[in-house]
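Chain by chain, the residues:
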Amino acid sequence: MGETVGNRISLSEEIINRAASQAMRAHDSGGRPFVLDKPRGLSVAIFAFAGSWLPDDWFTHPPFGETKMDTSTFPSLRSIGNDEVAVVNASFLRRFKAILDQLSLEKEVRKVVADHKQVLFTGHSWGAAMAILATLYFLEKGRPNQKPPRCITFGSPLVGDRIFGHAVRREKWSDHFIHFVMRFDIIPRIMLCPASIEHQQILNYLNPRSEFYGKRIDPHLAFYLKVMRSAASVATHDACNLMGCTNPLLENLRNFVDLSPYRPFGTFIFCTGNGKLVVVKDPNAALQMLFYTAQLSQEEAAEIARRSLYEHLVYDNELQESLGMQNVVHLDDSLEELPLSSDSGPAIVNTALNDLGLSTEARLCLRAAGGLENRRLRNQAKIDDNKQKIKDELSKLRGYQEKGETRELGYYDAFKSQEEKADFDANVSRLVLAGIWDEIIEMLRRSELPDEFENREELIELGTLYRRLVEPLDIANYYRNLKNEDTGTYMTRGRPKRYRYAQRWLEHAENKPSGWRSESCFWAEVEELCSIKTGCNNGPLQDTKKQKIQQLQKRLIEWINDGCLGKDVVLEGSTFVKWWKTLPSEYRSEPESSMIAKLIHG
Amino acid sequence: MNQDPLFSCAGELANFVVTSNLIDYDLAKNFEFQRGQTELPCSVQPMVYHPTPNRTIVVFIPSPDCTEYPLPEGGDLVLSPEFKFLCTKECPSVSINRAALTLFSSLHDHLSGLKAQLTEREGQLIITGHSLGGSVASLFTLYLLDSMDKKRKCRPICITFGSPLIGNFGLQHSQWNSFFLHLVSDKDPVPGLFLPSSHSQTTVYKPFGTYLFCSELGCACFDNPDLILKLLTVISSEVAGGLLQVVDYGEILRNLKNKAIWKGPQLAGGRFADPFSAGIIMKLETIGFDQTKLLQHNIDIRRMEAEARSLTKKTKASDIKELNDIKKYMALLEWYKKKSKDAKKGYYDCFKSGEFRRDIAVGEFMGHLTTYWEDMVAEAQWKPQTEGASFRTGWLFSGTTYRRMVEPLDIAAFYRDGGTDYINNGRSRHYKLLQQWYEEDAKPPSRDQHDSRKEKVSALLTEDSCFWAYVEEAILSCESLNNANSSPEQRQSSWDNLVMFGEYVMEQIENYAVSPEIFLEESSFMKWWGVYEDYIDTNRNSYSSRLVNFTKRRSYKQYGRRAI
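Heads up: the sequence lines are chains B and U, in that order.
So the first sequence is numbered by the numbering used here: it starts at 1 and just counts up by one.
So the second sequence is numbered by the numbering used here: it starts at 1 and just counts up by one.
The reader is advised that the hints may include incorrect statements.
Just so you have them, the derived chain U footprint on chain B, three or more residues with Cβ under 8 Å [as the list claims (entries may be wrong)]: (1) 46-55; (2) 238-250; (3) 296-302; (4) 432-446; (5) 544-556.
FYI, nobody ran anything at the bench for these hints, they're computed from the structure.
Each residue gets a CB set at the ideal place from its N, CA and C atoms; glycine is no exception.
Make the full structure from the sequences, and use the hints.
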């Protein structure tokens with residue numbers, strides 16, 4: 001130990017304290033959405049967002065008030081291969097966009113950046129949600145040479161779902177977010193519970209302008225039980241998955257139970273209330289902590305319910321004290337080895353766990369969270385071990401492709417004919433590779449790989465090589481077996497997920513829209529165009545065909561010039577060339593036509 | 001090897017169930033009506049509710065007589081043809097508890113109307129009941145599952161409270177297992193009512209679904225049938241001594257809902273070897289089974305751990321890898337077949353003579369394929385019939401290709417090693433089942449298909465995977481005819497066999513159901529033809545059949561070439 005919080009998250013205690021007091025003070029911003037503070041002697045500019053206690057600003061609709069993320073403003077907040085868009089609280093998103101529309105935020109941030117100061121967004125309670133979205137917004141817009149913005153929140157409600165957090169970790173932005181949570185504070189848990197009368201009671205209690213401000217809620221435990229019961233549902237559900245539950249009942253129950261979509265992300269720092277700080281980055285562990293640290297105990301139920309409201313309002317004082325004591329425990333390093341009983345293991349860890357009231361059951365859940373992350377890393381290592389095998393098979397197929405050129409046929413057509421031993425061998429290589437990649441895709445679909453997996457350059461590169469070289473063989477196989485006759489076109493019905501995923505990886509890395517990198521589907525396009533009969537007098541069909549053919553010619557030249565499509569497609573004997581030569585002149589446009597002719601004749 | 005740590009989620013799953021909103025509403029209904037209708041004799045009444053537009057609840061309400069004296073004399077099992085669809089390899093005939101079946105049958109007309117109504121409706125469906133009401137709820141759910149569209153998105157869930165076991169069948173290998181949840185209180189002797197009081201006596205009753213055991217202290221979910229049987233037996237024998245009183249599951253649930261958010265114990269001492277045993281020992285203790293009791297009733301944590309581990313071994317991702325491996329072996333066999341065709345022999349005869357190194361490698365591919373398909377077939381057999389059938393249709397196409405490609409090689413090996421009568425002495429069970437299922441699913445070919453078959457026959461596999469076994473038998477028949485020592489009876493039966501074989505082959509040819517490869521110069525079929533032709537020419541030159549005409553005219557040279 002001996003490491004301070006400040007070191008670990010590379011922000012000084014002074015800045016954290018300053019942020020905490022700014023965040024609390026921003027509540028009285030006089031109607032401005034945020035206040036800007038440039039403390040003298042510190043290298044940061046603190047943007048603290050104001051709060052809101054209006055129920056409409058927390059939930060737009062029951063039960064959970066969520067909506068799909070706006071991907072034009074937040075393009076990264078989605079999964080890549082699985083292609084699911086993150087879910088975010090609709091009220092938070094709507095209000096944040098309203099702040100953006102006022103333009104002052106962007107203007108001020110630009111000024112601070114020009115001053116070479118670190119941008120720090122902060123907020124307490126509802127303001128914390130704004131700070132999170134602001135940070136993401138500027139991370140999305142960030143340029144490589146700029147210092148990325150940071151975000152510190154106090155008593156923040158949960159903002160987004162599992163995919164939201166996954167995307168943030170994949171982009172390696174997770175470390176930019178620090179969330180301080182008091183042990184019993186109800187607000188960080190409130191989003192786990194469906195919108196209800198109890199929500200309103202809680203917000204009214206906290207709202208200085210409400211007539212119920214600070215007044216005892218009756219019945220005094222009901223609101224707390226309600227939130228905790230929902231939190232328990234979410235936590236136990238996720239714990240079952242962490243523990244590798246094999247009972248299929250769990251999946252069936254999901255059809256009957258409305259579970260909150262919201263999940264934690266970023267670095268959580270729990271304040272025990274007696275000066276200790278416990279740091280957790282693992283999002284699954286953080287969720288379990290949110291539930292288990294706030295469990296009731298017989299003696300002090302009423303006291304706990306009271307504290308769950310009161311603690312939401314004391315972050316500045318509590319932090320000043322805790323940061324001064326520097327009693328910090330980092331759980332992530334030892335999640336999988338956490339002591340199960342209250343008196344074993346390293347004393348410092350155990351005292352912290354005891355201070356947070358973590359039962360043996362809770363500790364098992366935390367261990368399971370750590371176990372999952374380690375299992376993901378092992379899965380990744382296994383895939384890395386297969387890399388050489390992938391490369392070997394690819395180099396065999398590369399040889400096959402080159403040999404195809406000497407046959408004046410191109411490997412696409414050679415493979416389609418399946419006449420020589422080499423064609424059969426290529427088919428075996430295709431199947432070996434399909435096995436390896438399909439296994440990877442299945443792991444991604446089941447979230448069995450680290451979040452950063454799809455953002456690894458080496459993987460994207462290998463996936464692209466694979467896709468460009470081998471997908472033509474899958475297309476050839478599809479049309480050889482005339483599967484299009486009974487199932488539909490390759491693109492709609494036959495394209496394996498492994499190629500869709502690999503294409504999405506590259507598109508995401510290059511910041512291109514979905515569908516941009518479809519060069520490996522060239523042959524499918526050709527096969528489909530071949531199958532539309534020319535010359536028949538169906539006007540509209542001919543028109544679209546004409547358009548498609550002209551576009552294909554354009555892209556073909558681009559792709560060949562880029563080197564992402566092999567020259568084998570323009571060999572004399574290939575399906576493409578044979579077909580292209582039969583095209584009536586009105587389908588060809590210049591200059592593409594003569595360029596293609598030139599390519600064909602070498 | 002770094003083994004993944006194992007956990008028991010017995011407690012987490014149970015707490016998820018009780019904290020969810022799933023069993024608040026229907027439970028209240030469940031008991032209101034039970035108390036309201038005191039005039040009924042021992043019977044069960046179904047009631048249907050729609051608490052929300054998207055949710056339907058069917059409650060089977062037992063009359064008080066039923067709950068207080070749940071027919072201990074009705075504990076025997078009766079054979080039930082009505083539930084025959086639950087048959088599996090493990091349980092070839094289904095028997096149901098007499099009391100439950102009687103109640104179910106008495107409602108039969110009403111329930112078939114209800115079934116029709118419910119299968120129409122979309123949305124969530126919960127079927128529930130207390131005591132014998134729950135038994136009828138279980139039977140009704142099974143009855144419904146049998147006829148329900150497999151693609152229906154939201155499946156039903158059946159929740160019983162303190163219900164006795166109902167039958168001798170298990171659902172461990174079926175997806176249907178996930179539709180049943182049974183609550184059992186540690187104070188309730190009814191669920192184990194029909195079980196023998198000691199472990200030494202065996203019972204034919206089998207539990208299915210997930211059991212949620214609960215006590216004042218908490219709850220735990222288990223789905224291991226052996227463990228469930230043991231726990232039920234112990235609970236029943238411990239409580240039976242006292243008064244048989246109705247257990248109030250409403251009160252129990254209210255308590256459990258609170259317990260789930262109350263802090264659990266922080267156990268002291270290093271008595272937990274690993275997370276799995278820590279979790280499970282803690283949970284068993286919660287429901288009243290401490291270490292001494294476990295020992296006394298021979299409940300073995302280690303064995304449970306081994307079983308749990310074997311369940312987690314197989315993942316979806318490794319299934320997909322395996323499927324691709326299987327495709328690879330099929331591709332390798334395809335290549336072998338093509339090589340053999342180029343050698344003018346056909347892959348059947350190449351493999352039979354086993355001259356080349358590649359013939360030996362083929363044996364290895366076959367081994368992988370056979371193991372894989374034997375497993376697939378076994379898995380389908382473990383499922384209840386209806387479910388098994390829909391599980392199969394997905395892969396039956398690949399299974400049929402496999403059978404047509406690989407079974408000839410098994411036949412080749414069988415006759416090479418001197419076997420006779422493959423169909424009765426050598427054929428593996430999985431081939432028989434694959435063929436039987438294929439025939440059950442197959443539709444009669446249309447005219448179009450017949451034409452397209454004509455076009456493609458050279459690329460197809462011989463449809464009857466036993467074709468070569470008949471060829472081999474025909475060869476043996478010829479040998480017997482040419483053998484001077486054969487008796488007249490033997491000659492006659494051999495000749496009959498040959499006549500039949502001739503008809504059979506001709507029919508296959510006319511339907512374009514055999515691969516043209518059988519006509520390759522060195523194939524066993526052509527060798528047979530040579531011997532047969534000699535025999536006819538010398539002994540029966542007046543004999544004529546369609547096959548004789550076809551072959552003598554060398555018409556087969558055109559067979560399979562029309563495509564070009």
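- Can you name, in rising order, the numbers of the hints this structure does not satisfy? 1, 5
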